[in-house]
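Enquirer: Spelled out, the chains give:
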Amino acid sequence: MTKPPRYQRRRRSPPGTPPGTLTADPDAGETRVRAIRFNAEGVSEDDSLAPCAPGSILWLNIDGLADTDLLQKIGTSFGLHPLALEDVVNVHQRPKAEEYEAHQFIVLRMPEPGQDGLHTEQVSIFLGDGFVITVQEHAGDVFDPVRTRLRNPLGQMRKRGADYLCYALVDAAIDAYFPVLEALGEKLEQLEDTVVFDPDAVDMGDIHVLKRELMSIRSAILPMRDVVATLQREETQRFSDNTRLYLRDCQDHAVQLIETIQTYREIATGLVDILLSSQSNRANEVMQVLTLIATIFIPLTFIVGVYGMNFDDMPELHWRYGYPAVMGIMGLIAVVLAIWFYRKGWLGRR
Amino acid sequence: MTKPPRYQRRRRSPPGTPPGTLTADPDAGETRVRAIRFNAEGVSEDDSLAPCAPGSILWLNIDGLADTDLLQKIGTSFGLHPLALEDVVNVHQRPKAEEYEAHQFIVLRMPEPGQDGLHTEQVSIFLGDGFVITVQEHAGDVFDPVRTRLRNPLGQMRKRGADYLCYALVDAAIDAYFPVLEALGEKLEQLEDTVVFDPDAVDMGDIHVLKRELMSIRSAILPMRDVVATLQREETQRFSDNTRLYLRDCQDHAVQLIETIQTYREIATGLVDILLSSQSNRANEVMQVLTLIATIFIPLTFIVGVYGMNFDDMPELHWRYGYPAVMGIMGLIAVVLAIWFYRKGWLGRR
Amino acid sequence: MTKPPRYQRRRRSPPGTPPGTLTADPDAGETRVRAIRFNAEGVSEDDSLAPCAPGSILWLNIDGLADTDLLQKIGTSFGLHPLALEDVVNVHQRPKAEEYEAHQFIVLRMPEPGQDGLHTEQVSIFLGDGFVITVQEHAGDVFDPVRTRLRNPLGQMRKRGADYLCYALVDAAIDAYFPVLEALGEKLEQLEDTVVFDPDAVDMGDIHVLKRELMSIRSAILPMRDVVATLQREETQRFSDNTRLYLRDCQDHAVQLIETIQTYREIATGLVDILLSSQSNRANEVMQVLTLIATIFIPLTFIVGVYGMNFDDMPELHWRYGYPAVMGIMGLIAVVLAIWFYRKGWLGRR
Amino acid sequence: MTKPPRYQRRRRSPPGTPPGTLTADPDAGETRVRAIRFNAEGVSEDDSLAPCAPGSILWLNIDGLADTDLLQKIGTSFGLHPLALEDVVNVHQRPKAEEYEAHQFIVLRMPEPGQDGLHTEQVSIFLGDGFVITVQEHAGDVFDPVRTRLRNPLGQMRKRGADYLCYALVDAAIDAYFPVLEALGEKLEQLEDTVVFDPDAVDMGDIHVLKRELMSIRSAILPMRDVVATLQREETQRFSDNTRLYLRDCQDHAVQLIETIQTYREIATGLVDILLSSQSNRANEVMQVLTLIATIFIPLTFIVGVYGMNFDDMPELHWRYGYPAVMGIMGLIAVVLAIWFYRKGWLGRR
Amino acid sequence: MTKPPRYQRRRRSPPGTPPGTLTADPDAGETRVRAIRFNAEGVSEDDSLAPCAPGSILWLNIDGLADTDLLQKIGTSFGLHPLALEDVVNVHQRPKAEEYEAHQFIVLRMPEPGQDGLHTEQVSIFLGDGFVITVQEHAGDVFDPVRTRLRNPLGQMRKRGADYLCYALVDAAIDAYFPVLEALGEKLEQLEDTVVFDPDAVDMGDIHVLKRELMSIRSAILPMRDVVATLQREETQRFSDNTRLYLRDCQDHAVQLIETIQTYREIATGLVDILLSSQSNRANEVMQVLTLIATIFIPLTFIVGVYGMNFDDMPELHWRYGYPAVMGIMGLIAVVLAIWFYRKGWLGRR
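Line order of the protein sequences matches chains A, F, C, Y and E.
Residue numbers are given in UniProt numbering: position 328 of the first sequence equals residue 328, and the series is strictly consecutive.
Residue numbers are given in UniProt numbering: position 178 of the second sequence equals residue 178, and the series is strictly consecutive.
Residue numbers are given in UniProt numbering: position 315 of the third sequence equals residue 315, and the series is strictly consecutive.
Residue numbers are given in UniProt numbering: position 122 of the fourth sequence equals residue 122, and the series is strictly consecutive.
Residue numbers are given in UniProt numbering: position 109 of the fifth sequence equals residue 109, and the series is strictly consecutive.
By construction, these hints were calculated from the structure, which means they are not laboratory data.
Since this is a predicted model, take the numbers as computed values, not measurements.
No residue lacks a Cβ here, since even glycine has one placed at the ideal position from N, Cα and C.
You may find that some hints are simply not true.
As the list claims (entries may be wrong) - The calculated lysine-lysine pairs, modelled on BS3-like cross-linking and capped at a C-alpha distance of 27 Å, are: (1) Lys73(Y) with Lys96(Y); (2) Lys344(E) with Lys344(A); (3) Lys96(E) with Lys96(A); (4) Lys96(A) with Lys73(A); (5) Lys96(C) with Lys96(Y); (6) Lys96(F) with Lys73(F); (7) Lys73(A) with Lys159(E).
As the list claims (entries may be wrong) - Not close to chain C: a few residues of chain F, all C-beta gaps over 10 Å, as computed: (8) Thr21; (9) Asp46; (10) Asp63; (11) Ile339.
Construct all of the structure, not just a fragment, from the sequences and the given hints.
Expert: Next comes the structure, spelled out in structure tokens:
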């Protein structure tokens, strides 16, 4: 049986640390930086931290959180708020969108493939004037499609602003849940077929693990829907009206994910009922066989016992047809009981 | 037992495709176009894509999504937004109503008859100035009543605008759920009667499949109620006050569908309890029979065993009335036990 | 066992009929009209359809929906909206309050006594300038108290306007649920006593039927609460401030009904748990008796079997005290087992 | 077992009675009136119905509803609204706060000690200019602490207005639920201990009765929270800003009561699961004992039966060591089975 | 098994006490006062109650509630509202934030380690002009990190106002729940592993106690989230915009706690299903063994009984191959039954 996934702990600064202090997690991955600079004319990629020329847009992607000094330096140079920076380092934040004076701060969670079940990984996004900074816990390939679109000279993406890039990244993070959820859906379909057609092969623990994984995705996706809704609302001035149309599309996807999860959960809950019912059915079937055999043979065994008694004076024993008569009577009793059971429906049903 | 229906997957563009790109589903049906042009004077039908003369209204109905080039062409010629067009092609969208500058975009889902259970099919509707465009996954007959009303020279429909046609189409899509739900209601009634009067003939899996189908309809209808509510609200300027009265009626129908589904679900859930209880009752009944037989005969069998022992010195065996005395005592024991069971209510109840 | 009530189907116009067309249900009752005209001075009753003199108020009560031509004629003469008229004829509408330019339209549902369980019947009310029109599916006596009050020369009712008459009718329709719900409450109390004191006499199906009836009332009452709330709100100008005070009272009654239904449902759900538990208890009791008897006698039967063996060389058989010794040992075993069972609490508890 | 409490019926005027008519309940208690007049200088108590001198405040307390003529007279003399007066007489109203032009009308419910379980009693409060009128179903002592505070010459209460007196009475009514709820909490704690440590001594019906009592309190307290919230809101001009601070405190108490009830209900629901589980455990234990004994002795009994057969030619019977050999083999079988059971954990666990 | 935690009772003033009177709980801890005065330049600590010089901020921390006279004196000297002071003394208040004219009043609950399970302790905070007063039930170390930060000459905290100190204290109180919840999470993980891999070692009562502890934390945390939301809202003028950013962070933590509790509760509820299912499985397994043995041996025992009968005329007994023939037939029957059981899957599955 699959082991249920471990709970993810929220990482916190040690007690007494003032808010805004960056403390590296000893398990954090090595920090690597990739910068992409682009405008309508072209794209260049390097690993410099220098800001962009006006009219160009910088996308700074940081993988791994070990080097807090570097993060601090980037924070100072781009005017990132200390509270936001702290949330970047202390992973296992709840997805959220917070507006600071100098930039929009977005925390998302992406599904992370792992051999011990499903985990989610934090992605932090800063959207400022002319720059987008993304920070991932580990190097991942979820943003690769966005890079491909940027490198494509015919694509529309280079012509749009930093807000559109930010939308494309949020969209990529949300879309990453579809294959994960579809895999769970297939697992659920298999489980459902097995429960309906071969209930003994199902373990209640398997349903439990599936529900746990659905809960884990849901707890990541639910706040992400609110994040996209916040970004799309009128007050935030960082997103153009046109990009807002795209964010609306993105929110549709999040809602669809949540509804699918909800449906899967209800189905999984229904499976528990079927399983309990089929276990109970099986117990009844076993009990019927026992009752059948015992009810027929126990009286007969009593009768043969009677004629095994050693009383001096048992006239039946000396009758000529005593033996066949007793055997006949016992046969009759068996037939009558069998007919009675048949009428009660205990023979051959199911 | 019915196999539970398969989950419907959302179709998505391949990763890295920019939003607004149309990619045909390899399974998509062949594209066919039917145009109906009408005004208060008359109706003409053809398959031309040309826009309408002013004062007339064009209803363009497209079945099948294979020909994305044609869709793209229609999109350009009527000014349809690329994001909306993409949602038309990538079916399994959630029902929604989105307002674009040039047109209102509506996604609905219609019930689709299928031999492997209940599915829903996407219908996309564009309502612009003087035109309504509907796109269905497959050719269906859900809009036939609307066509009949348009062809009727005495009907009021030709005299109304495109917004009223749009209402009539939405209303037809929602009304298509009533027969489907009534069929489920009849199934549920049968199931209910069987559960109450002949519980052994019921399979928990049948209740599960029914609940699954109710969940499937509900997930289509719930957002459609919100769609109609959105259209009916004051902000949307595409619908006249008079058409809004009709939309209110349409929303009533959606609410009624949802409440019926909710009621059916609660009933189905209640059936599970009855079924489990009746299974448990049956097990008790079987157990009582076993206990009755065993409890009466096991002590008697012991007694006859005693007098089957081969001890040299068992005086009872040589008494003249030993045999009838033992038989009498055993008869007495049986009667006493039977009376005890009767008093406990284990004989003949139910 | 009571048969669960049949589901009520929504009546719809045949597909392709434009909204606003009246199609009579073949099962509809014969149409009868009663007109009451009153002002502060007096009351007159006839069956004319003529409008009232100014300063007087007309209450037109129509029972039975078979004569759609007459309904159409009344609709035209009082300026009733076609959509509202269609809702009058297509019964099984959800209760609702809709304001049209010329009149307020209210749909309510009244409990209808029937031998095959509880049904609800549609009542439609039109409140216009100087007139109230009520339409019932069948002739009923729910409005009789209102008639009595109108005929009473000392009553205040004649002095008030059409809005107060409309309130009195709504109030009568809501009050009609109290005796129905009290009857259900008594049924539930009986069921509760039986479950607690004599669980074997209870059938899970009875609880199911009761829950079904509660759901049926609730689905009628819930929207009626919203109807009264809508009427009471400030925007609707058809009700005077004074009548609004009375509507507030009326809403209190609806809320009280809903809370009572909710409470009854929770109690009924709790009964299912008790019933399942008592069935399980009973099974345990039966099993204990079986185990007691079998566990005591099976070893003893083995022992007597041993001394029934026919080996040549069994010295115990020839001992002088062999027989009484074996009987004594078996008695001892029985006593020891009985003590053990007593200590485990399997004897005489409950 | 405690009998579950009876449902409380709403008292209604007979059908056809116009709203605002007072009809005495035949079971209503005798009417007694106590008047307290006070201002900052002093307090006087009598049973006169005369209004107060300006600058003084009158608290009229009425116990028992039998004398409707007196109530009508008081209503007329203080300008109480007929609808409110009717609600006073027709007890079993839902708690509510209604503002009339001449006075604020408040309906509350107080817990009422009774030997057949927990009931609630209606208290009606009128707050007008310079007077507070309270009407209880029966004479009770819930308002005694308020009287004590009024009689205390050093207390602040005399110096405050009628609104503060009204707050004090509402507060006393809400506070009366704390001891009731604490008694239920103690009952629940006892039940919980019994379920966990001695499940056989618990009856599912006891948990049911407790849940019923919690539901009964909740249905009284839930609307009382809304009453206090309504009084505290800005629109009502009858309460000074200072008294509103006290009402906020009072609302806190109501919320705390509701949360406690909710917690108790969840705990009680959890107890049902434990109880069902422990019943199931007990059945398993009984079954294990039966299986153990039967599985060991049934094969042995078969073997001794074999050597009890009377065939002429059974060589084992004549072997010298036949008897001890068979006894030894049977001993071996018993030991092997015992080891097998031990390994399966059926011996001595729990 | 762990004993379920005792319910915490709300402490109330004796009936008849006017609101705002301080009555010491006989069990209250000894009162101790610690004052910290600080400004950007430095920090001083003493136990004087004197107010601060302008430009400095006073943090008065009071542990233990026995000395109500002292509390009254502090209340008078700092202008604390009598109702708020009463809430300080009558512990077991629900967390809340109330604004009074002279100060903001906050009630929180902190987890309190105890050997008889988890309890929460009340912390009251007053935030006024230039002072923060905190009152705890017992001396605790939850605020120590804040003290450490104040004493640190390099920290930013001294430079900020009383509102930031207040935020830091609220944040410390909320953060104190993380380790408590993580400990519960570990308990739950262990329980989960045991349920899935060794269900017999689990007691339903353990799950119950865990759920009880989660409910206890939740009832403290849920209102604390609302408290922080209230403080963060625009209306309250006591918190600067900058401090509000920090409060937003603090609210995130509360939401995360609540979601984690919710997830844990759902998991615990799922465990109950698995446990019941595995108990049922185990019962089935036991029943199968019994049925197997009984079904095979009961017919065989009947057969040997037949040939143990003492009829004079039983020809089989005198046949030469009678004995081996009967033994062979019985062997055949056993094999046929075993094959039948194998086909039914009762042998060796699981």
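Enquirer: The structure should be examined with respect to each hint, and the outcome stated for every one.
Expert: Taking the hints in turn, this is what the structure says about them:
| no. | hint | in the structure |
| --- | --- | --- |
| 1 | Lys73(Y) with Lys96(Y) | holds, 24 Å |
| 2 | Lys344(E) with Lys344(A) | holds, 22 Å |
| 3 | Lys96(E) with Lys96(A) | holds, 25 Å |
| 4 | Lys96(A) with Lys73(A) | holds, 24 Å |
| 5 | Lys96(C) with Lys96(Y) | holds, 25 Å |
| 6 | Lys96(F) with Lys73(F) | holds, 24 Å |
| 7 | Lys73(A) with Lys159(E) | holds, 24 Å |
| 8 | Thr21 | holds, 38 Å |
| 9 | Asp46 | holds, 23 Å |
| 10 | Asp63 | holds, 19 Å |
| 11 | Ile339 | holds, 14 Å |
Every hint, counting from the list given before, is met by this structure.
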